[in-house]
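Asker: Chain order of the listed sequences is A and B.
Residues in the first sequence are numbered consecutively from 1, following full-length UniProt numbering.
Residues in the second sequence are numbered consecutively from 1, following full-length UniProt numbering.
Derived from the structure by calculation, the hints contain no laboratory data.
Every residue, glycine too, gets a C-beta built ideally from N, C-alpha and C.
Just to be clear, a hint being listed does not mean it is correct.
Stated by the list, open to error - Reference listing, derived: stretches of chain B covered by chain A, where coverage requires no fewer than 3 residues with Cβ under 8 Å from a Cβ of chain A: (1) 4-16; (2) 40-51.
What the hints assert, rightly or not - Derived Cβ-Cβ restraints for the label pairs, each shown as a range: (3) A:R337 to B:R15: 43 to 51 Å; (4) A:I3 to B:G11: 45 to 53 Å; (5) A:N314 to B:A73: 51 to 59 Å; (6) A:R337 to B:A73: 41 to 49 Å; (7) A:H8 to B:A73: 25 to 33 Å; (8) B:R15 to A:P343: 16 to 24 Å; (9) A:H323 to B:G41: 53 to 61 Å; (10) A:P351 to B:G41: 28 to 36 Å; (11) A:A261 to B:R63: 18 to 26 Å.
Unchecked claim - Reference listing, derived: stretches of chain B covered by chain A, where coverage requires no fewer than 3 residues with Cβ under 8 Å from a Cβ of chain A: (12) 54-65; (13) 73-79.
Residue-level listing of the chains:
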Amino acid sequence: MTILALEHCDLLIVGAGPAGMAAAVAAAPSGASIVVIDDNPAPGGQIWRDGPGAALPPAARKWREALERHANIRVCSGTRVIAAPAHGELLLEDAVRGWRMQWKKLILCTGARELLLPFPGWTLPGVTGAGGLQALIKAGLPVEGERIVVAGSGPLLLAAAATARAAGAKVVRIAEQASLAAAAGFAVKLLRWPGKAVQALTLGDTRYRTSSRIVAVQGRGQVESVLLRQGGREVQIDCDRVACGFGLTPNTQLGQMLGCALAPADTGAPPLAVDALQRTSLPGVYAAGECTGFGGSERALAQGTIAGYAAVGNERAARQHEHERARWNAFAAQLHRSFALAPDIRQMPQPDTLVCRCEDVPFSALAGCSGWTDAKLHRRCGMGACQGRVCGDAAQFLFGWTPPSPRPPLSPARIATLAGLAVHGNDVDRQ
Amino acid sequence: MSGQTSLHIDGRLVRVKAGTSVAAALRVADSMGVARTSISGQPRAPFCGMGVCQECRVRVDGRRMLACQTVCAEGMQVETTA
Ligand SMILES: Cc1cc2nc3c(=O)[nH]c(=O)nc-3n(C[C@H](O)[C@H](O)[C@H](O)COP(=O)(O)OP(=O)(O)OC[C@H]3O[C@@H](n4cnc5c(N)ncnc54)[C@H](O)[C@@H]3O)c2cc1C
Ligand code: FES
C-alpha cells in the first residue's frame, strides 16, 4: 500500500507569482519555515515566466534572488495541490511523488486565469489564449514569420502582441471589443500611474482596433483566417494564429475547496474575500494577488507583502503597505471599468460551437439547460479534464450560471497519490 | 539559457533550445503542435498555455503530463493523443 510522506512547515504559500514571492520574502525575517509551491517549472507566475523565449526583467530577477537568499524559504516548483485531506494539511504532487504538507499558516496566491469564451472555430489548432500565447512563446514556441491576430479585451492583448512581435511574428491585427472612448479613457487615466503609462506607450500599436469582435475563426485542420466585426462591417483577415482573451478570472478553486468565503463581484467571477490584513474568512488562511481580484503585478506585490507580514504576526509592517495597495486597487478598478465586456459578446457562439472543449458539448445542447447541475448531469458539460475551469467560466458569462463548486482532486492526479489518502493517520508520520 | 535538448515526439527526433516546454516542442515536431484528439476526433493543440485547459496533455516517458508545464529533458519520449 502506498504510504505518503508527511512534511511540516510554519507557513505554506501556494503560488510563486509576484504575490507569493512577496509574501515569502516579507515573512522570511521572522525565521519561520516557509514552503512555496507552484505548478510551473520556475517561480515568477504568469507575468514573470522564464524560458528560452523570455527576457526576465530586473524586477523578476530581484524577487527570485530574494527567495534564494533566505535559507528558511523552500520553493517547490512543478508541484500542484491535489486535495485538503485534513485540517491544516494539503496533499501535493510533483512529477515524481505525492506527499502531505502540514501548515500552521497558509497564504493562497493562486493568481488568475484568462477568461476564454467560445466562438466558431475556437477549438482549431492555432487558436490560443492571448496570455496563453505569451506563455507559450516564453517557453520556446517558435512563431517567427507567423501572421497573428490578437482579439478580445484588455491590456493583456497588447502585452501578448508585443511578446509575439519580439519573437518575430507579424501581428496583423489587435481587435479590442471595448470602444475607442473606453480604451482612450483608460490610456488617459494611466497618467495617475506613471509606470503603467510608459508601459502603455511602449505597447501602443498601429494595428490596434477598438469596437472590434471575433465572428469566427476559419480553417481546415488549423487556423487559416479570422472574420472580425469592426463597428458595422465585417472583415476577413488571413492569419496563422489567433490569440484571444477576454480578461481574467480569479483562481479561487483551492480557497473555495478549503471553505474560504467569496467576495461579491460587480461583474464576472467572484474573488476570494479578504480583510485589511489579507485574511480570508478561514482562521490562519490568507490570500493575496489576483485570486482576490485581478489588478496587475504591483497590486499583487503589495498584497503579498501585507499577507506575508500579517501571517507571521508583524501587523505593523503589514499596515505600512496599505497605501501602496490602495493605489493599485484604484488602478484595478479603472481597468475593470474601461474593459467591461459588451453584452453582445454573449452572441459569439453559434448553435454548433463547442462550449465544453473536453466533452465536446455544443452551445445548442446547453441553451435549454436550467443551470450547471442540469448541464453537467445531462450534457456532461464540465465533466472533463479541465473540471469546468474553461467552460464553467464561459457558462457563467454566457448564461449567468454559478460554476461547479470545486471538489478534490483539484487537478487530475496519479492513482498512487490518491491511494495514499486511504491510509490516513498519524502513523504515516514516521515514514 | 544556451544549448539544445533532443527528445522524441511520437518517435521522431526533435531538437529544441534548452528550457523549451514540451508544448512548444510539439509545434516544432508538427505544423500546429497537435497534442491529442477530442472525444469526437478533432485535433487539439495547447490552448491556455498555463495549466488550466488540459488540452495539451501528452504521455512523457509513460506518464500523463501537461505539455505546457513540462520542460523538455534530454532523451524524453513524448507520445501525443494520450
Ligand atoms: C496568462 C497570463 C499572462 C499575463 N501576462 C501579463 C503581462 O505580460 N503583464 C502584466 O502586467 N500582467 C500579466 N498578467 C496579469 C498577471 O497575472 C499579474 O499581473 C500577476 O502575475 C499576478 O500575480 P499573482 O501572484 O497574483 O498571480 P500569478 O502570477 O498568476 O501566480 C500564481 C501562480 O500560482 C500557480 N498556481 C495556481 N493554483 C495553483 C495550485 N493549485 N497549485 C500550484 N500552483 C498553483 C499558478 O500556476 C501561478 O504560477 C497575465 C495574466 C495571465 C493569466
Ligand atoms: S495548454 Fe492548457 S493546460 Fe496546457
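Asker: For each hint, tell me whether it holds in the structure or not.
Answerer: Now for the hints, and whether the structure bears them out:
1. 4-16: violated (count 1)
2. 40-51: holds (count 11)
3. A:R337 to B:R15: 43 to 51 Å: For R337 (chain A) and R15 (chain B) the Cβ distance comes to about 48 Å; the hint holds.
4. A:I3 to B:G11: 45 to 53 Å: violated, 37 Å
5. A:N314 to B:A73: 51 to 59 Å: Hint violated: Cβ distance 41 Å, outside 51 to 59 Å.
6. A:R337 to B:A73: 41 to 49 Å: Holds, since R337 (chain A) and A73 (chain B) (Cβ atoms, about 46 Å apart) stay within the stated range.
7. A:H8 to B:A73: 25 to 33 Å: holds, 31 Å
8. B:R15 to A:P343: 16 to 24 Å: violated, 49 Å
9. A:H323 to B:G41: 53 to 61 Å: With a Cβ separation near 56 Å, H323 (chain A) and G41 (chain B) satisfy 53 to 61 Å, so the hint holds.
10. A:P351 to B:G41: 28 to 36 Å: violated, 20 Å
11. A:A261 to B:R63: 18 to 26 Å: With Cβ atoms ~37 Å apart, the hint is violated.
12. 54-65: That given contact holds, which follows from 6 residues of the region 54-65 of chain B lying within Cβ reach (below 8 Å) of chain A.
13. 73-79: Since three or more residues must qualify, the claim that chain A covers the region 73-79 of chain B is violated, with 0 doing so at under 8 Å.
Hints 1, 4, 5, 8, 10, 11 and 13 from the list above are not met by this structure, while the remaining hints are.
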